[in-house]
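Colleague: Residue numbers (our numbering), protein chains in the order written: chain A, 8 to 325; chain B, 6 to 533.
Which residues of chain A face chain B? A few of them, derived with a C-beta cut under 8 Å, are:
| no. | residue |
| --- | --- |
| 1 | T54 |
| 2 | A57 |
| 3 | M61 |
| 4 | A90 |
| 5 | S92 |
| 6 | N93 |
| 7 | M162 |
| 8 | P173 |
| 9 | S174 |
| 10 | V175 |
| 11 | N177 |
| 12 | F271 |
| 13 | Q278 |
| 14 | K286 |
Quick caveat, the hints were computed from the structure, so don't treat them as lab data. Every residue gets a Cβ at the ideal spot worked out from N, C-alpha and C, and that includes glycine.
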Amino acid sequence: MHPVLTLVIQRLALGLLLLLAASVLIFVGTEILPGDVAQAVLGQGATEQALANMRAQMGLDQPAYIRYFQWLAGAIQGDFGVALSNRQDIASSISRRLGNTLFLASVAAAISVPLAIFLGLLAVRYRDRWPDKLISGITLTSISLPEFLLGYIMMYIFAVQLGWFPSVSNINAGMSFGQKLNAVALPALVLTLVVLAHMMRMTRAAILNVMQSAYIETAELKGLRRLTIIARHAMPNSIAPIVNVVMINLAYLVVGVVVIEVVFVYPGMGQYLVDHVSKRDVPVVQACGLIFASVYIGLNLVADIVSILSNPRLRHPK
Amino acid sequence: MNDEFRYLMARAARGKLDRRAFMGRAAALGVTGAMANTLLATAARAQGPQRGGHLVIGMQGGESTNSLDPALAASQVPFTYLRTTGDTLVNITPDGQIEPRLAEEISASDDARTWSLKIRSGVEFHNGQTLTAEDCAQTLRRHSDEESQSGALGIMRGLTDIRVDGDTLVLETETPNADLPYLLADYHLVIQPNGGFDDPAAGIFTGPYKWVEDEPGVRHVMEKFANHWDDSVGHFNSVEVLVINDATARNSALQSGQVQIINRVEPRVAGLLGRAPGVQIHSTAGRGHYVFIMHCNTAPFDNNDLRMALKYAIDREDMLDKILRGYGSLGNDMPVNEAYPLFDETIPQRSFDPDRARHHYERSGHDGPIILRTSEVAFPGAVDAAQLFQESAAQAGIPIEIVREPGDGYWSEVWNAQPFSASYWGGRPVQDQMYSTAYLSTADWNDTRFFNDHFDSLLLEARGELDLDRRKAIYSEMGMMVRDEGGLICPMFNDFIDAHNAQVDGWEGNPNGEMMNGFAAVHMWSTA
Numbered sequence: 008m009h010p011v012l013t014l015v016i017q018r019l020a021l022g023l024l025l026l027l028a029a030s031v032l033i034f035v036g037t038e039i040l041p042g043d044v045a046q047a048v049l050g051q052g053a054t055e056q057a058l059a060n061m062r063a064q065m066g067l068d069q070p071a072y073i074r075y076f077q078w079l080a081g082a083i084q085g086d087f088g089v090a091l092s093n094r095q096d097i098a099s100s101i102s103r104r105l106g107n108t109l110f111l112a113s114v115a116a117a118i119s120v121p122l123a124i125f126l127g128l129l130a131v132r133y134r135d136r137w138p139d140k141l142i143s144g145i146t147l148t149s150i151s152l153p154e155f156l157l158g159y160i161m162m163y164i165f166a167v168q169l170g171w172f173p174s175v176s177n178i179n180a181g182m183s184f185g186q187k188l189n190a191v192a193l194p195a196l197v198l199t200l201v202v203l204a205h206m207m208r209m210t211r212a213a214i215l216n217v218m219q220s221a222y223i224e225t226a227e228l229k230g231l232r233r234l235t236i237i238a239r240h241a242m243p244n245s246i247a248p249i250v251n252v253v254m255i256n257l258a259y260l261v262v263g264v265v266v267i268e269v270v271f272v273y274p275g276m277g278q279y280l281v282d283h284v285s286k287r288d289v290p291v292v293q294a295c296g297l298i299f300a301s302v303y304i305g306l307n308l309v310a311d312i313v314s315i316l317s318n319p320r321l322r323h324p325k
Numbered sequence: 006m007n008d009e010f011r012y013l014m015a016r017a018a019r020g021k022l023d024r025r026a027f028m029g030r031a032a033a034l035g036v037t038g039a040m041a042n043t044l045l046a047t048a049a050r051a052q053g054p055q056r057g058g059h060l061v062i063g064m065q066g067g068e069s070t071n072s073l074d075p076a077l078a079a080s081q082v083p084f085t086y087l088r089t090t091g092d093t094l095v096n097i098t099p100d101g102q103i104e105p106r107l108a109e110e111i112s113a114s115d116d117a118r119t120w121s122l123k124i125r126s127g128v129e130f131h132n133g134q135t136l137t138a139e140d141c142a143q144t145l146r147r148h149s150d151e152e153s154q155s156g157a158l159g160i161m162r163g164l165t166d167i168r169v170d171g172d173t174l175v176l177e178t179e180t181p182n183a184d185l186p187y188l189l190a191d192y193h194l195v196i197q198p199n200g201g202f203d204d205p206a207a208g209i210f211t212g213p214y215k216w217v218e219d220e221p222g223v224r225h226v227m228e229k230f231a232n233h234w235d236d237s238v239g240h241f242n243s244v245e246v247l248v249i250n251d252a253t254a255r256n257s258a259l260q261s262g263q264v265q266i267i268n269r270v271e272p273r274v275a276g277l278l279g280r281a282p283g284v285q286i287h288s289t290a291g292r293g294h295y296v297f298i299m300h301c302n303t304a305p306f307d308n309n310d311l312r313m314a315l316k317y318a319i320d321r322e323d324m325l326d327k328i329l330r331g332y333g334s335l336g337n338d339m340p341v342n343e344a345y346p347l348f349d350e351t352i353p354q355r356s357f358d359p360d361r362a363r364h365h366y367e368r369s370g371h372d373g374p375i376i377l378r379t380s381e382v383a384f385p386g387a388v389d390a391a392q393l394f395q396e397s398a399a400q401a402g403i404p405i406e407i408v409r410e411p412g413d414g415y416w417s418e419v420w421n422a423q424p425f426s427a428s429y430w431g432g433r434p435v436q437d438q439m440y441s442t443a444y445l446s447t448a449d450w451n452d453t454r455f456f457n458d459h460f461d462s463l464l465l466e467a468r469g470e471l472d473l474d475r476r477k478a479i480y481s482e483m484g485m486m487v488r489d490e491g492g493l494i495c496p497m498f499n500d501f502i503d504a505h506n507a508q509v510d511g512w513e514g515n516p517n518g519e520m521m522n523g524f525a526a527v528h529m530w531s532t533a
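Pulled out of the complex, with its shape left as it was, chain A reads as follows (with noise of 0.2 Å):
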């Protein structure tokens, strides 16, 4: 067999492994928590009678490793059961809120992405002069604000006082394309703003990195430009690096805007995790918590994937 299909089995089979061990460790995790649904459900207005009731109902009365092998044979097949806290179907509701999410994720990585690393390779060529001070100096400040106080100037510019955007996201199946593009405006900005820097800078630096070989002399050399010289000699050989900080930041956009979700009420993911874990509603904060896992595991697996591809010694072995 050639060696990187190997090589690439190898890491499919291990990133299965690695999505079994989080399911453990999500089942262990929501077991451990104090309280349970039934309290968490009926809140202060719990009574005892009330809890007995809802505990039996819901079959909390099981020894834990039935439940999750139960789970994982539901999850293998879609099936995440319902939800307990409003009985309605897990996998229906997750698809639609995961689809807003990879919506909203998809709009900002299509910004964020290119203009990343376009400006990465700007401040490689224009290195240690203003417009690459200039472009550190936004991105790392825009980075450094916490995310929903960019949410809430975002909104106060562009909403309340210019009257742009909605300052409201939400969307719903009935939108066109275009209204939905413009009612995300305002979050996929902030998250482009939030994601920028760490793309830049490993763009950046990465580049730098090959920047001191001989082959780079070789092409100044011949007499090339320096933005030929950084996009087709530089780049190729600094992918793998690029590739995984890509890879982690649209992890990040797809699992971790819970904030700008709240501040943009989007109704994605990560407002849905959060309500059903204050309710204890452990099949549902379970069946995220797998979805989360695979879309890390399922990225980093894709940046491994590509670092293997794009190493010439790999792809061509004697």
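Take the given structure of chain A and dock chain B to it, following the hints.
Modeller: Chain B only, in chain A's frame:
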């Protein structure tokens, strides 16, 4: 006021002239902005409700775990959508009277134990079914079933028999209960076909709006139900409740006109928000109160001198000023205030008195720090309030040690479990219900562990007493007992603070609940 101005005002009230243009012309005629605003509001109200328009309400208090099953409702968004799409047998008016709704006539036997409610005819459910007395009976049965998870279970316990006699619903109570109609106005008790036994979360009710779309924790869309029995309510074509749990996001949404009404304006920004163009802040004195509760049966709080020491050691004025920014009223260590019917206003107000506190503290013989548990979820500002309490108590030589508990699990591990903690109460429509819920010896939520036989017998006596003067006297005596012997430290009653912009009108505050007791969408109308 000249004719030209009167003409402009009428046009503006009918929506033929927009607000900005009206204000501009008013200024040209020499009428000040504030004056013109007030006059316009009056004119619009005099004009009466207008039909049509789409109302968007931005609210805190909605989760993706919410259900359309009225039994499971607990937070503000379900409260509001049940009020908007459902009808209860009766409502409570802002001045505390019973307003017949699905029950058109209510009568009691002389001993106040048998109640007859004649059910309105010609009422239609959203699925086209006609309302019967049996539907009402089944609804009450579902909520009073011990097996049910209903939030109204506690108030339904006193019912011993629910039966139907033709078009009349007959209710029997265990002990005489002169306040029964008030209990039936509870928002959980919206009437469902066959009581909701078939499908509790179907969202089929009899209210002025019917369900279009339900996305828990995100948005809830309702439209006018054409066949609703009461033409005087439900003026909008459609109503949308957007869940906006973030306070700043709610304010921005109101200011940018994306929503017309918001709830839970934070006291510290209410003044600022009120200055935004077109925004009106409504502060409604209610019955909700913030409390510090001591278990009367647990050392060291089993000593009344220590309890009195702590009651004198809290600076209520300061707390009202700093925690609620004045949007509230002083508490008097009783769970009731003048917003309740039959409240005795002559009971003296307790105030901060370090000398008396010191005197009681020394008499109690207690030594060492007193542990007070608090959390951000206990009530807004509970951690700060505990610190203010600690400071004022220190002036009387009483050492309070604050333990900050995590919000997660606070209601199961701390409240009603630990001997001294911060908490809140939402208030109840009548005194009897408030005392029965939390101060009767046998109450589930007797969170001050107040066991007093004389108090219990007074409560039962008042409940069956149809002579109002006598009843008021009993309630006064009970209030004094809780105030001077109980484990409740009540520094303040909080107001509901809501806001709306100029696109809607018809606001009327109701002490029973925020957002006009949940009826904002039912009674207000569009001015656009």
